[in-house]
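J.: Chains as they are written, first to last, in our numbering: chain A, 95 to 497; chain B, 1452 to 1741; chain C, 3 to 331.
Incorrect hints may appear among the rest.
As the list claims (entries may be wrong) - With the Cβ distance kept under 8 Å, some of the chain A side facing chain B (calculated, not the full set):
id, residue
1, Ser-144
2, Asp-309
3, Lys-334
These aren't lab readings, by the way, just hints derived from the structure by calculation. Beta carbons are placed, not taken as given, at the ideal position from N, Cα and C, and that holds for glycine.
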Amino acid sequence: MKKRQFTLTALCISLIGFAIPAAAEKKYDPGASDTEIKIGQTMPYSGPASAYGVIGKVQAAYFKQLNEQGGVNGRKINFISLDDGYSPPKTVEMIRRLVEQDEVLLTLGTLGTPSNTAIHKYMNTKKVPHMFLATGASKWNDPKNNPWTIGFNPNYHSEGKLYAQHILATKPNAKIAVLFQNDDYGKDYFNGFKEGLGAKAASMIVSQASYEVTDPTIDSQIVSLKGSGADTFFNITTPKFAAQAIRKVSEVGWKPTHYLNQVSASVGSVLKPAGLDVSVGLISMQYIKEGADSRWDNDPTMKDFKALIKKYAPEVSPDDGNATYGYAVAQMMVQVLKQAGDNLTRENVMKQAASIKDFQVPMALPGVLASTSPTDFALFQTMQLVKFDGKNWIEFGKPVAVN
Amino acid sequence: METFIHQIVAGIATGGVYASLALALVMIYQSTHHINFAQGEIAMFATYMAWTLINAGVSYWLAFVCTILLSFSLGVLIQRIIIRPVENAPVLNIVVVFIGLLVILNSIAGWIFTYTIKAFPSPFPKEPPFGLYFISSHELGSIGVTMVLLLLLYSFFKFTPLGLAMRAAAQNPDSSRLVGIRVGWMLALGWGLAAAIGSVAGMMIAPVVFLEPNMMSGILLYAFAAALVGGIDSPGGAVLGGFIVGILENILGAYVIGTELKLSVALVLIIVVLTIKPAGLFGKVIVSRV
Amino acid sequence: MSFNLLSSENSIPWIRIVLGLILACILPFFISNYSVFQASMVLSYAIALVGMNILIGYSGQISLGHGAFMAIGAYTSAILMDKMNIPYWMTIPVAAFICFVVGFLFGLPALRLEGHYLALATFALAVALPQLLKFKHLEFLTGGVQGIVIMKPDPPWETLFGLRLNSDRWLYFFTLAITLVMFIVGWNLMRGRVGRALIAIRDQPIAAASMGINTPMYKSLAFGVSAMFTGVAGALSAILVAFVAPDSFTVFLSITLLVGMVIGGVTSLPGALYGALFIQFIPNIADQISKAAPWAIYGSMLILFMYTMPTGIAGALRLLGEKFRPTRS
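Just chain A, same shape as in the assembly (with noise of 0.2 Å):
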């Protein structure tokens, strides 16, 4: 009796024993050993939305700088990024090439909403993690059905529908005249503004105008919105058409309340080109700390970017909007990185990216938490009013929960 106990305690440890490690042993998919993660991109260095390759450019030069300082887990951090020009086709043929030929583990931040309409059922069916989209379309949202795409951007939707509540709270007479960009991106945020407003939205708004990308300006879209008798103002633009909207609706001697999008908000890349004096009053919504705020000259985590981008990106301005959010993505991707230790399966990547409990992103506003769960992708729970005092951008009321 006791020869047998004896005998199948120790099976038991030594199975204990030979289990642990198991557990602890290190998982990898395609794209992911004991010496490198590698991670894909797409993003458009050239045509129409050049502008936005700041980011790609940013977040190279930080996975280059935390490599020299000994990477992730021990891990060097291969980043692929390649061009698409904006182009949906040349997306796809790019993101095959990652997935397919230079087997990535995962697609970070790639931008653009057709560009990531493009690709979105190819990830899925692959079943590569395709992560952080830098866009704010809703529709990446969606766990249940594409429960390998996860966005990043706080929802273009919610935050028209953010705007359409303050006016109904502060000025329900208002009369709303909107200018927006004719693709997906402005139309989302119409869309959610308009819902927003609900039943009196075709009585408020009194007055609407789309441009083109390609359009050289939007000045008779001002014209007539100002002869609309307006008095509210939802700017949704890209950031060299709201300096020229910002700007021409001062040059008409039009003074509404005025809405700008989140996304052309940066001080550097719009307002000041724009004019800061005839920026005064701007409202918006911010979640990422702004390079010219200075609030921030004394955050550690500022000071690190400014000192990255003076070292690694030199022709990259610390006050363009655009580096700011690349920097504050690429944390996020490392703090995924790091939650899911040395099981670097894809699943397992997914798995860490829908447990975010709370994360305070540092270059995130402080407060701006970071939270997701497998049946909610949504990243940023809550928005934040801010208001352009002619040097920074100031909040104003509570953060407000969005959906």
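Given the structure of chain A, go ahead and fit chains B and C onto it with the hints provided.
T.: Quick look at chains B and C alone, frame taken from chain A:
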């Protein structure tokens, strides 16, 4: 009513933008009988040169003049080095070279200056003229500058022997050589002048649309349309064409078809004009008898 | 060795063609799926370039707007597959027919314009079409700015002669078959009465008219046929990429097609293939040479090609071939 007038005035202002680039296109056409698609990019590049000078502390007007001289040289260099080898090649080959040039200039500008927009200063006061909000002082000033350019260009081609020699060199290079005109240098001169005009256009346009490598791509199409509507060999026609296109675009967008289709409709209308008057409104119709 | 009507050699190099076909057929089993996908894209571009050859090379009319016909073909295919569940192979002839009609109708007024004016008109078409595709009242059909996502077709058989067929390989063979058909159609058209009439109109329009050639009809026909070829290419590319959106068909596409045609060789059928290879692979190569300014490299290559090979790659190869061929008595 007030908005209507405002739209027209805004159309004239935008039209002025198209007109200034259209003048450069007319210049290059009159001197080489080719339409240079890279003209917009040369103008953009020249504007970046001005921006670099101004950022280095040079005063605006000094930078303005330096840029004109620099672009003139750039234009001449491009013609002598890049265009000359394909001067006698089929038109399509020359078009491909233009496209190559366009792409190179755009890419290099993006590499050196990045794609983030930059503000470009205007020499005109910030306050609107006469306190009216219909047009900004800069836009009014730019139209003035365009008119001055137009006058200079017109007088040059009509009244100076050099202008005549250039037109001859473009129209009939062989006979011109027989008369003693140095055709090669006429072409180079034409390129230089077109680049110089383009640089002025760029410096007038940049304060309105903000300086970035893709600044001219939207404008080039409208400038092209303006030049053709007005008559590709008529500087005055090109400028008028620019205003017509600007006003048409604005009125269509605001009152007729809405902004979502105004581009298509404007272009359709231009083509209709061209089918009725194939040489443009003020172009010379060349009648060939068989 | 040339498919060029202007050359005295009209003999078809059967050996080269057969060898080429055999190579093309075994290729997909030796390269990765990704490369097979790229090869299929090259073939679809080649078809588009044949279309441009017909219009610009043989008929002498210029077009800066063929990207628009690719868009029409692609969207036709996408809408039929997505909204009406029509099998992908049936969409090709429909796209061909619709593009022929649109091209012909566009050619009718356009032929009043010459040279630069026609260039502007076609350029305008290329610029205006994406806006039309985004038009909200057509959204129910075109998917508006969101575009249309298509299901990638599965191969009908699991294996072919014992070799495994997957979706990419099957689509490659499908594209190859259609490319062959289109090349043969193009070859026959240009070799026959239509081609001769077009060349006559291009070189001596007045003489041609006085010889009884119905110039307006042939010019419009050329536009229609050319649009048809490009439309087929568009439909194929839609199936290959499995997605269409207005952003896929910008003016840059039209310019790329023009560049490809000139670089390949303007009146040459194999030139269409060389041009397609150029526009598919050179941007990638330029990207590898210089990450900072890849398009500057691309532009420089364009200019270099025009200096060294004014008759295109096909022309240069022909000249090379003539140098090495033993002189015949």
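J.: Hints first: check each against the structure and report whether it holds.
T.: Cross-check of the supplied hints:
{"no.": "1", "hint": "Ser-144", "verdict": "holds, 4 Å"}
{"no.": "2", "hint": "Asp-309", "verdict": "holds, 6 Å"}
{"no.": "3", "hint": "Lys-334", "verdict": "holds, 5 Å"}
Violated hints are absent here; each numbered hint is respected by the structure.
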